[in-house]
Amino acid sequence: MAHSDTTAEPTRRDFLLLTAGAFGAVGVASVAWPFIDQMNPDASTRALASIEVDISALQSGQSITVLWRGKPVVVRNRTDKEIEEGKAVKLEELKDPIARNANVDPSADATDANRSAKDKENILVMVKVCTHLGCIPLDESGEFGGWFCPCHGSQYDTAGRIRKGPAPENLPVPVYAFTSDTKIRIG
Amino acid sequence: MSGHSTYEPKSGIEKWLEKRLPIVRLLHDAGVSYPTPRNLNPLWTFGGILAMMLVIQIVSGIVLAMHYASNSALAFDSVEGIMRDVNWGWLIRYIHANGASMFFIAVYIHILRGLYYGSYKEPRELLWVLGVIIYLLMMAAGFMGYVLPWGQMSFWGATVITNFFTAIPVIGQPIQTLLIGGFAVDNATLNRFFSLHYLVPFIIAGVVVLHIWALHVVGQNNPLGIDVKSEKDTVPFTPYATSKDGLFMVLFLVFYAWFVFYQPNYLGHPDNYTPANPLVTPAHIVPEWYYLPFYAILRAITFNIGPIDSKLGGVLAMFGSIAVTAFLPWLDTSKVRSGRFRPLFRIAFWLFVAAVLFLGYLGSQPADGNAVLYAQVCTAYYFAFFLIILPVLGFIEKPKALPNSIIEDVLAKSKH
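Residue numbers (our numbering), protein chains in the order written: chain A, 1 to 187; chain B, 1 to 416.
It is worth saying that the hints were derived from the structure and are not from the lab.
We put the CB at the ideal spot given by N, CA and C, even for glycine.
Treat the hints with care, as some may be off.
FRET-style restraints, in silico, Cβ to Cβ [said to hold, decoys possible]:
| # | chain 1 | residue 1 | chain 2 | residue 2 | range |
| --- | --- | --- | --- | --- | --- |
| 1 | A | S50 | B | G206 | 41 to 49 Å |
| 2 | A | I98 | B | N370 | 28 to 36 Å |
| 3 | A | A22 | B | K398 | 54 to 62 Å |
| 4 | A | A29 | B | V59 | 51 to 59 Å |
| 5 | B | S364 | A | G61 | 54 to 62 Å |
| 6 | A | L67 | B | D77 | 18 to 26 Å |
| 7 | A | D139 | B | G81 | 30 to 38 Å |
| 8 | A | D109 | B | S364 | 55 to 63 Å |
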């Protein structure tokens, strides 16, 4: 209190003003939250979280793209040449040295082994959404023989790692598991 | 322009209203007796043209909403239904779609006029800032409206633009999910964009009221940039400004109608006549022409700046390029308003216009090789113009002599 004629002690009125203000603020915030959170995906959207993909017809050098949570997921049966190219890359050459694989340790290196399926190094499963601004990269194209994003020119290698262009991260590998030798459950 | 109101209620109903709701006085003071500088040139008619465009967009939009279905399974077909089946639907949709482009043409002329003649300087700072807010709202309305036909460009434009938010560290991803209401752009996104696209024009209308209010408090700037000193410097709004505004509105409508009737798709993209497909990105994504300079700035940042990676850097540069204009009244240190008396500013201004136009061209081209380099040079000039050139010019530039008054300048010209 700047005025000298008032006491330094807070008055009953100060107390009422502060508590009323605080209750008002909490009340407004708690009513505002439903109006914000309604915009988030609801349970029915989040429930569509897993799909099963049959890859028995997938020959070496072929890929299929399936829709998972509204996003395309590519499953590629890589050729031996692609696997070798993926393995030959040194970690220092990578723009993003982290595996970005939901099935391995979050800090794991982006080696070819950490990117491809466990014990099936020919199978690569990735969310095919460019990590720059969300376009869909084209299969089997670009300077590194992997994926090329037509929107802003990002280039990914045969293990889906970002090598050139504006994208900051490797293409993410979703959670998935082999339910049998030829079936994958994504999500 | 404060001053005594010259309105005198005459008829019985005017007198009755005057005591209860003096709305006739308000309209008279704002639209009839309001004094306007007598030397205004045709560039000052774009405020009126913009008000007209807002009305056209709202009216045509309300009609389109009667026939449009904001559901991802129906939207594309409902727009085609408007084009083929709805009585006059083709006309109303082309009026609305081309109206957006015309709105932006008019607003860019209006903004550049303000920039050249220093209309943002004291005491018109707030008037300018309100204008920047209107422009931002227009961009939001234009973007969300473009998503509604649910074609390929709609879908991928929405995807790319909402992905801007993922550049923000930590909270970016949750914000993007909140905005689009899912893990990817989908029906939830389309629905909320329709709701907001309907809302934003009315917010714009509200801010326009504040913009005009602020204008009527400080009065219009003029090509000389000097203050109105006496009544001789002005003429009443009606008939002088209303007739001039009316003439240029008609000329603008002729230009607009030429697009509507002869080139209705010239300013659009053929890709948007392909239904949205979340599995295929069009080979070449470009925004609508009015966003191209900002798109080029976004793509110009291909390098990391310290801890800021190129993605976040591009997004920050793009938003920054608009945000910086809000600070213009305080960045320009020159006391002289009009570019007519500022020889160095004039050069910097036209270079700025050239840089923005070139950025617009670059934004429409694929981002490779020299295009990126040119965009970086133009982006550097864009920011230098606001952050270096305008602050410095005020100190080093020697402006030409200003005329004593508007009337003196007008009379001197009419003698020749």
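Results for each hint:
1. Distance hint for A:S50 and B:G206: a CB-CB separation of about 47 Å, consistent with the stated range 41 to 49 Å.
2. Separated by about 33 Å at the C-beta atoms, A:I98 and B:N370 satisfy the suggested range of 28 to 36 Å.
3. Between A:A22 and B:K398, the C-beta spacing of about 58 Å keeps the proposed range 54 to 62 Å intact.
4. The supplied range of 51 to 59 Å is broken by A:A29 and B:V59, whose beta-carbon atoms lie about 39 Å from each other.
5. With their beta carbons about 37 Å apart, B:S364 and A:G61 fall outside the hinted range of 54 to 62 Å.
6. The given range of 18 to 26 Å is respected by A:L67 and B:D77, whose C-beta atoms sit roughly 21 Å from each other.
7. Hint check: A:D139 to B:G81, Cβ distance near 35 Å, so the stated range 30 to 38 Å holds.
8. Separation of A:D109 from B:S364 is about 40 Å and departs from the stated range, judged on CB atoms against 55 to 63 Å.
In this structure, the earlier hints numbered 4, 5, 8 are contradicted, and the remaining ones agree with it.
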